[in-house]
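Fit chain B to the known structure of chain A by using the hints.
Number of protein chains: 2
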Amino acid sequence: MFSPLIDELMSSLRCLPGVGPKSAQRMALHLLERDREGASRLAKALAESVDGVSECSRCRTLTEEEFCTICNNHRRLKSLLCVVETPADVLAIEQAGTYKGTYFVLHGHLSPIDGIGPSDLGLDQLQQLLSTGEVEEVIMATNPTIEGEATCHYISERAKKLQVTVSRIAQGVPLGGELEYIDGGTLAHAFSSRQKI
Amino acid sequence: MFSPLIDELMSSLRCLPGVGPKSAQRMALHLLERDREGASRLAKALAESVDGVSECSRCRTLTEEEFCTICNNHRRLKSLLCVVETPADVLAIEQAGTYKGTYFVLHGHLSPIDGIGPSDLGLDQLQQLLSTGEVEEVIMATNPTIEGEATCHYISERAKKLQVTVSRIAQGVPLGGELEYIDGGTLAHAFSSRQKI
Numbered sequence: 001m002f003s004p005l006i007d008e009l010m011s012s013l014r015c016l017p018g019v020g021p022k023s024a025q026r027m028a029l030h031l032l033e034r035d036r037e038g039a040s041r042l043a044k045a046l047a048e049s050v051d052g053v054s055e056c057s058r059c060r061t062l063t064e065e066e067f068c069t070i071c072n073n074h075r076r077l078k079s080l081l082c083v084v085e086t087p088a089d090v091l092a093i094e095q096a097g098t099y100k101g102t103y104f105v106l107h108g109h110l111s112p113i114d115g116i117g118p119s120d121l122g123l124d125q126l127q128q129l130l131s132t133g134e135v136e137e138v139i140m141a142t143n144p145t146i147e148g149e150a151t152c153h154y155i156s157e158r159a160k161k162l163q164v165t166v167s168r169i170a171q172g173v174p175l176g177g178e179l180e181y182i183d184g185g186t187l188a189h190a191f192s193s194r195q196k197i
Numbered sequence: 001m002f003s004p005l006i007d008e009l010m011s012s013l014r015c016l017p018g019v020g021p022k023s024a025q026r027m028a029l030h031l032l033e034r035d036r037e038g039a040s041r042l043a044k045a046l047a048e049s050v051d052g053v054s055e056c057s058r059c060r061t062l063t064e065e066e067f068c069t070i071c072n073n074h075r076r077l078k079s080l081l082c083v084v085e086t087p088a089d090v091l092a093i094e095q096a097g098t099y100k101g102t103y104f105v106l107h108g109h110l111s112p113i114d115g116i117g118p119s120d121l122g123l124d125q126l127q128q129l130l131s132t133g134e135v136e137e138v139i140m141a142t143n144p145t146i147e148g149e150a151t152c153h154y155i156s157e158r159a160k161k162l163q164v165t166v167s168r169i170a171q172g173v174p175l176g177g178e179l180e181y182i183d184g185g186t187l188a189h190a191f192s193s194r195q196k197i
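Line order of the protein sequences matches chains A and B.
Note that this note's numbering has the first sequence beginning at 1, numbered continuously upward.
Note that this note's numbering has the second sequence beginning at 1, numbered continuously upward.
For the record, the hints were derived by calculation from the structure and aren't laboratory data.
Just so we're clear, the structure is a prediction, and the values are computed from it rather than from any experiment.
The beta carbon of each residue, even a glycine, is placed where N, CA and C say it ideally should be.
Accuracy of the hints is not assured; some may be wrong.
[As the list claims (entries may be wrong)] DEER-style ranges, computed between Cβ atoms:
(1) Ser193(A) - Leu175(B): 55 to 61 Å
(2) Pro112(B) - Asn72(A): 53 to 59 Å
(3) Glu136(A) - Asp7(B): 28 to 34 Å
Just chain A, with the same shape it has in the complex (with noise of 0.2 Å):
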């Protein structure tokens, strides 16, 4: 309908997550009608992101550098370490704001049918880091989801034979939450995983 170059940029606006038609159609015309100059540093940021960033050699988030800020900071304690499934996680940790330890990234979750394995969660470079002696402690933060929970099973049997102390983050109904609104696995859990007061 339009020229090829706006095609071309509804289309590729696609790739976007959550961008059907008619938003990236919103968006093309947005950009090029009222904001050429955000379309520049986009393309920008787009170009150079996608060629610098990579992932972190000891904790597989994504950074530009070697080593990640976290990895980086000498404050954090290198003998905790956070197991989770993506670098979104680690922020939604971050901004928790009270774990002091390091994380490792998987990049997904074990799941046979889609063909990932251990070797694409960078289990391998797990066991090499756990085998250093460095980690006292692996905390599993995967989702508890069926697949979080058989990917947080599988390392910690595997971390346990290196003599690491596993732990998992406590499932329960979450704070602020209200009983009447709560799933019923949720409830069964947080009744079975009942602790004493």
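Below, chain B without anything else, positioned relative to chain A:
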């Protein structure tokens, strides 16, 4: 929180309409983790569009050629000129699929409070186009808002001075709508503009 390149990518993604900090983070991580090819393609499309796309010399819609595909199409009636506010309106009318004339895009509406006057809307260019005698009828399809109506009135007065027929797209209840849910203003207009059948 992340490294500078990723932070810059997240903040530049916020130039897209409807993208807040959470969506920008999700988009940035999605592109870097799973779709670097899409990110490169988007960067290229953005840079090329910003450089290449400008306005059609006849109708002011966005195009990278001197004339857009519609103005270049010899089958389109040059005697009919539909005046719209944005290129998105052109697309909406084209998708309806019945209009066979050409367009003139204002890129906005008269809005003295925002400092948008006749010259910003290319009305001199429109006047020139109308004074060539090529156009027999101007169809006003600005939005049915206060600003759109004011713009319509201003343009129609100028066009009438040049002995050009001016019409306004019909306003009333939309097809397929239920009367129950239609606003009072629209209903009142639909009654006062009722037509004999």
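These are the hints, each one checked on the structure:
| no. | hint | result |
| --- | --- | --- |
| 1 | Ser193(A) - Leu175(B): 55 to 61 Å | holds, 58 Å |
| 2 | Pro112(B) - Asn72(A): 53 to 59 Å | holds, 55 Å |
| 3 | Glu136(A) - Asp7(B): 28 to 34 Å | holds, 32 Å |
Of the hints listed earlier, there is not a single one the structure fails to meet.
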